[in-house]
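S.K.: Fit chain C to the given chain R structure using the hints.
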Amino acid sequence: DAGITQSPRYKITETGRQVTLMCHQTWSHSYMFWYRQDLGHGLRLIYYSAAADITDKGEVPDGYVVSRSKTENFPLTLESATRSQTSVYFCASTQGFGYGYTFGSGTRLTVV
Amino acid sequence: GENVEQHPSTLSVQEGDSAVIKCTYSDSASNYFPWYKQELGKGPQLIIDIRSNVGEKKDQRIAVTLNKTAKHFSLHITETQPEDSAVYFCAASSGTGANNLFFGTGTRLTVIP
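Chain order of the listed sequences is R and C.
Just so you know, we're using our numbering here: the first sequence kicks off at 1419 and counts up by one.
Just so you know, we're using our numbering here: the second sequence kicks off at 30 and counts up by one.
So that you can see chain R by itself, here it is in the shape it has in the complex (with noise of 0.2 angstroms):
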């Protein structure tokens, strides 16, 4: 099905334990962003891509490691994961500027 991706959904993880989100797109959009969405913080942009093998660090990047070896997949990495990383996180991608974004349905993780 065409559109935007992620997985997994929901997601409980230990402190310290490597995770990884991943997101596919079938528009072969050029453009790619990950976001966290906590309470009372709104969207917050923690890395993007501007193509493949192209990337760059957004406003909360600690933390996190991002991929772009294929034009539609962004996958972020928790390397050892932290409570403070708990939080839902979307995926989104656009053709460019003045299209807006699309966002994938997110992934609720939990680590305890």
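Don't read these hints as lab results, they were simulated from the structure.
These numbers were taken from a predicted model, which means no experiment stands behind them.
Note that beta-carbon positions come from the ideal geometry of N, C-alpha and C, so glycine has one too.
Each hint should be verified, as a subset may be incorrect.
Simulated pairs of lysine to aspartate or glutamate, DMTMM-like, Cα-Cα distance not exceeding 25 angstroms [unchecked claim]: (1) R:LYS1475 x C:GLU44; (2) R:LYS1475 x R:GLU1490; (3) C:LYS51 x R:ASP1456; (4) C:LYS100 x R:GLU1477.
Distance ranges between label pairs, derived from CB positions [stated by the list, open to error]: (5) C:SER57 x R:HIS1459: 18 to 26 angstroms; (6) C:HIS36 x R:ARG1462: 16 to 24 angstroms; (7) R:LYS1475 x C:LYS71: 25 to 33 angstroms; (8) R:GLY1481 x C:SER55: 22 to 30 angstroms; (9) C:THR39 x R:LYS1475: 29 to 37 angstroms; (10) C:ALA99 x R:GLU1477: 43 to 51 angstroms; (11) C:GLN110 x R:LYS1488: 22 to 30 angstroms; (12) C:THR139 x R:SER1446: 17 to 25 angstroms; (13) C:GLN74 x R:GLU1490: 18 to 26 angstroms; (14) R:LYS1488 x C:SER55: 34 to 42 angstroms; (15) R:GLU1477 x C:THR39: 23 to 31 angstroms; (16) R:ASP1480 x C:PRO142: 42 to 50 angstroms; (17) R:SER1485 x C:GLY45: 46 to 54 angstroms; (18) C:THR39 x R:THR1444: 42 to 50 angstroms.
M.R.: Leaving out everything else, chain C in the frame of chain R:
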């Protein structure tokens, strides 16, 4: 960087009444202003957007106005319906870098039947 402020944080209206959500931005270079609706358990969905060369844009019951001089823009929903209940986010972008959008903190709209 850009700073987007959004008010109010919560808004309750009677069905059929109008709802207005306001946002201000700090970067005078911003020239693209989308609005997103987020329903429970879902990702934000684009509902309307406006560019800086336009002062107002309408799409059925929703409209967005932009005042570049004052650096603020607003979302207007008329004849509200219960299905309009959701969290609404404004955003702003200057189109530089990777077209980053900077989001407001959201408004929870409740339409009372």
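S.K.: List in ascending order the numbers of the hints, as given earlier, that are violated by the structure.
M.R.: 1, 10, 11, 12 and 18
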